[in-house]
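Note that the protein sequences, when read in sequence, are chains G and L.
Take 2 as the starting number for the first sequence in the working numbering and just add one per residue.
Take 3 as the starting number for the second sequence in the working numbering and just add one per residue.
Source of the hints: derived by calculation from the structure; they are not laboratory data.
Treat each hint with caution, since some may be false.
[Unchecked claim] Some chain G residues well away from chain L (every beta-carbon gap over 12 Å; in silico):
hint, residue
1, Gly32
2, Asp46
3, Gly60
4, Gly86
5, Val216
6, Ser219
7, Glu221
8, Ser278
9, Glu292
10, Lys293
11, Glu347
12, Asp349
13, Ala410
14, Lys412
15, Asn414
[Unchecked claim] With a Cα cut of at most 27 Å, we get these calculated DSS-like pairs of lysine-lysine:
hint, chain 1, residue 1, chain 2, residue 2
16, L, Lys307, L, Lys196
17, L, Lys196, G, Lys313
18, G, Lys404, L, Lys56
19, L, Lys56, G, Lys421
[What the hints assert, rightly or not] Partner residues aside, some chain L positions facing chain G, computed with beta carbon under 8 Å:
hint, residue
20, Lys56
21, Gly112
22, Val150
23, Leu153
24, Tyr273
Cβ coordinates follow ideal geometry from the N, Cα and C atoms, glycine included.
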Amino acid sequence: MKKRWLPLLLCLALLLSVVSAASAGAKPYDGQTLTVLFMSSVYADAARSLADEFKEATGATLEVVDYPYITLHDKALLDLTSGTGSYDVIDVACQWDGEFAPYLEDLGPYIEKDQFDTEAFIDNVFNQAGKWQGVIMGIPNANTPQVVAYRTDLIPEGLPATWDEYCALLEKLNDPANGVYGLATPGVREQYGGIWDSILWSLGGAWADEDWNIVIDSPEARKALEISKRQIACADPAVLSWGLEEAIAAFLDGRAAVCDAWPTLGITKKGNDPEQSKIVGKWTLGTFPYEKNGITNLSAWDVAINAASAKKDLGWEFIKMYTSPENQQRFYEEFYIFSPRKAFWEQDSMKAPEFVTLRTALDTALMWWRIAASVEADTAIGTNVNAFLAGQIDADTAVANMKQGLEQALKMNPVEPGVKNFNR
Amino acid sequence: MEHRLDGKTNRLSLSKRKDTWAAWSFLVPASLFLFVTSFLPLLYSAYLSFFRFKMNLPKAVPLFIGLENYARVFTDSQLATSALNTLVFALASVSVEMALGLMVALAISGDGKINRVALAIFIVPMIMAPVAAGTLWRMMLDSATGVVNYLLSLLGISGVSWLANTTTAMVSVIFVNIWQLTPWVTVVVAAGLKALPQDCIQAALVDGATPFQVFRRIVLPLIMPLLTVILMIRFIDAFKVFDTVYVMTGGGPGLATEMLPNFIYKQGLKYFDAGYAGAMAVLFVLAMTLVVLLFVKWRSWEEAKL
Numbered sequence: 002m003k004k005r006w007l008p009l010l011l012c013l014a015l016l017l018s019v020v021s022a023a024s025a026g027a028k029p030y031d032g033q034t035l036t037v038l039f040m041s042s043v044y045a046d047a048a049r050s051l052a053d054e055f056k057e058a059t060g061a062t063l064e065v066v067d068y069p070y071i072t073l074h075d076k077a078l079l080d081l082t083s084g085t086g087s088y089d090v091i092d093v094a095c096q097w098d099g100e101f102a103p104y105l106e107d108l109g110p111y112i113e114k115d116q117f118d119t120e121a122f123i124d125n126v127f128n129q130a131g132k133w134q135g136v137i138m139g140i141p142n143a144n145t146p147q148v149v150a151y152r153t154d155l156i157p158e159g160l161p162a163t164w165d166e167y168c169a170l171l172e173k174l175n176d177p178a179n180g181v182y183g184l185a186t187p188g189v190r191e192q193y194g195g196i197w198d199s200i201l202w203s204l205g206g207a208w209a210d211e212d213w214n215i216v217i218d219s220p221e222a223r224k225a226l227e228i229s230k231r232q233i234a235c236a237d238p239a240v241l242s243w244g245l246e247e248a249i250a251a252f253l254d255g256r257a258a259v260c261d262a263w264p265t266l267g268i269t270k271k272g273n274d275p276e277q278s279k280i281v282g283k284w285t286l287g288t289f290p291y292e293k294n295g296i297t298n299l300s301a302w303d304v305a306i307n308a309a310s311a312k313k314d315l316g317w318e319f320i321k322m323y324t325s326p327e328n329q330q331r332f333y334e335e336f337y338i339f340s341p342r343k344a345f346w347e348q349d350s351m352k353a354p355e356f357v358t359l360r361t362a363l364d365t366a367l368m369w370w371r372i373a374a375s376v377e378a379d380t381a382i383g384t385n386v387n388a389f390l391a392g393q394i395d396a397d398t399a400v401a402n403m404k405q406g407l408e409q410a411l412k413m414n415p416v417e418p419g420v421k422n423f424n425r
Numbered sequence: 003m004e005h006r007l008d009g010k011t012n013r014l015s016l017s018k019r020k021d022t023w024a025a026w027s028f029l030v031p032a033s034l035f036l037f038v039t040s041f042l043p044l045l046y047s048a049y050l051s052f053f054r055f056k057m058n059l060p061k062a063v064p065l066f067i068g069l070e071n072y073a074r075v076f077t078d079s080q081l082a083t084s085a086l087n088t089l090v091f092a093l094a095s096v097s098v099e100m101a102l103g104l105m106v107a108l109a110i111s112g113d114g115k116i117n118r119v120a121l122a123i124f125i126v127p128m129i130m131a132p133v134a135a136g137t138l139w140r141m142m143l144d145s146a147t148g149v150v151n152y153l154l155s156l157l158g159i160s161g162v163s164w165l166a167n168t169t170t171a172m173v174s175v176i177f178v179n180i181w182q183l184t185p186w187v188t189v190v191v192a193a194g195l196k197a198l199p200q201d202c203i204q205a206a207l208v209d210g211a212t213p214f215q216v217f218r219r220i221v222l223p224l225i226m227p228l229l230t231v232i233l234m235i236r237f238i239d240a241f242k243v244f245d246t247v248y249v250m251t252g253g254g255p256g257l258a259t260e261m262l263p264n265f266i267y268k269q270g271l272k273y274f275d276a277g278y279a280g281a282m283a284v285l286f287v288l289a290m291t292l293v294v295l296l297f298v299k300w301r302s303w304e305e306a307k308l
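Just need the whole structure built from these sequences, with the hints factored in.
In structure tokens, the structure reads:
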């Protein structure tokens, strides 16, 4: 009898020890997979670099899906509206915040539970990337204002303060015979619209007033079109087919005196690398002409949790990790992603003049509409500006079309009651 | 005798019924699949076309608006531009494809080894994915680094901004479509030419007819029904162009190369305007059905002439 019980007891003891050992090493989300959606860019690359750390901390596998900007909105919104929950966490471009907000999780309870410090982020950025109508639905993870990169050897005195002087400078520097144009810019209709907006806003113009009455049919809009036309005349003739990559490549190749193609998305990383740049040490960043108010365009992204996700708690762990001070610092060092955290900009390495320019601009930069009508409105602006610059339509027709496009966008996507236009 | 005839007739009827059942048993699964994947979505789009339904709005419910979406189709100036662009694109590219494809087919439809090799090389563009073809040509037409401008510079011609100019952008997308789909026309026409009865042609040649006369009086009339079908398929395909243009120009500059499929895609999947996209899709299908009926009528007429 004793002989029968002893082996059984030994087996039980062995089994218990194995189970307890496994329990001791078990992570809270073992065996789970978190799917995150990013734009195909350094932001997605940075997310991928977190895979090992995420696994170590949570036990879960991180799957990063990325799409180009031009299709990201459609992919994300299709998943959100269908309630499929294919993506647990989505990196949202701040102009989509209002449209996506009904489908994203309120992060308030998570913030309170973990005492997450929201005051650590630049106020102007957080107010436009992550917060919507008093609710925090995303944490900002990247930001850049629309600034200009220019050649210090060709423009030693810095950029002028008015658009007329700026255009005159470009015209003076424009020397196609010697392979140097005044300007390199992303002229395609999907991208130039944002640059045109910066011109319009700095002139004091706007798409609509605070109560969403369309005011784009204005002298400022016509002047902004003429300014754009003068600038484009100082650029490579192919510029209307250029995207960001072509414009940045032209500037790094020494073929342009000025480049307004979101410099932080390429020039800051490659500008002083001899293997990728012919203008090493001969460039810096500056702002668009101040003109009336110095307002420029803001690009910012915030990471948010899909309300249809079954892994919201895990998603929050990812958001905390991606936006942590340590990882935000590493993302800058490895991928040149500028952090929206205040402390990031206060360190000594960010005191160079070009970085001070960026930081100052972040306090006043604006995004265009952040409501559901945003995509249609932005397309109406970009298409008509591009058609004007291509010579297809005149300024009056372009403005009339833009007005009609904005009105149609608002008609098809009515604004929620109580929502004011705090953008332009 | 009568009894045997009745028996034979019964066996024939039974056999015919079995054949009919067999035919239907093969057809029904495929038909069901087509009905579910093609016809039902089209019916649902047609249903939605009478509603205002913005799928991106969380509280949106379909609102019946009658024919408002259809009225909007006829007053939308951007849609009119897209439709005109698509028509120009289809007419220009298909006419060149047919002429070139026929000429090349006549040249290489023989049985020689050289003809076979030439055909194999010629069809390479046809087997490329449209997105790959568009990307390739976008790079080749780049004004600064593209090989096309480099070759032109060797001839003393300064660089052309192929994709930044409203005229050259349209010419470029038409050219790429011709480059990619002329081989398809060639292959189908070549197969048709090989199937022609050779006795008429030989007899004409013996009687002293010139090659052009043989082509004009014998070959062309005989392959006209086939050419009609090819023309119909190419025309409909040209109206559905999307990926190549999307990759090469995105519809720009301005609206210079904005095509109907791209415009409908924007309304449905960018703006999530299901009703308006549905109305356009229904009208597009009706227009293409009309085109098909016209071509079928033309083909019947050509066959009757033979």
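Verification of the supplied hints:
{"no.": "1", "hint": "Gly32", "in the structure": "holds (33 Å)"}
{"no.": "2", "hint": "Asp46", "in the structure": "holds (22 Å)"}
{"no.": "3", "hint": "Gly60", "in the structure": "holds (34 Å)"}
{"no.": "4", "hint": "Gly86", "in the structure": "holds (16 Å)"}
{"no.": "5", "hint": "Val216", "in the structure": "holds (22 Å)"}
{"no.": "6", "hint": "Ser219", "in the structure": "holds (22 Å)"}
{"no.": "7", "hint": "Glu221", "in the structure": "holds (22 Å)"}
{"no.": "8", "hint": "Ser278", "in the structure": "holds (17 Å)"}
{"no.": "9", "hint": "Glu292", "in the structure": "holds (26 Å)"}
{"no.": "10", "hint": "Lys293", "in the structure": "holds (29 Å)"}
{"no.": "11", "hint": "Glu347", "in the structure": "holds (39 Å)"}
{"no.": "12", "hint": "Asp349", "in the structure": "holds (40 Å)"}
{"no.": "13", "hint": "Ala410", "in the structure": "violated (8 Å)"}
{"no.": "14", "hint": "Lys412", "in the structure": "violated (10 Å)"}
{"no.": "15", "hint": "Asn414", "in the structure": "violated (6 Å)"}
{"no.": "16", "hint": "Lys307/L <-> Lys196/L", "in the structure": "holds (21 Å)"}
{"no.": "17", "hint": "Lys196/L <-> Lys313/G", "in the structure": "violated (65 Å)"}
{"no.": "18", "hint": "Lys404/G <-> Lys56/L", "in the structure": "holds (21 Å)"}
{"no.": "19", "hint": "Lys56/L <-> Lys421/G", "in the structure": "holds (21 Å)"}
{"no.": "20", "hint": "Lys56", "in the structure": "holds (6 Å)"}
{"no.": "21", "hint": "Gly112", "in the structure": "violated (43 Å)"}
{"no.": "22", "hint": "Val150", "in the structure": "violated (12 Å)"}
{"no.": "23", "hint": "Leu153", "in the structure": "violated (17 Å)"}
{"no.": "24", "hint": "Tyr273", "in the structure": "holds (5 Å)"}
Checked against the numbered hints above, the structure violates hints 13, 14, 15, 17, 21, 22, 23; every other hint is satisfied.
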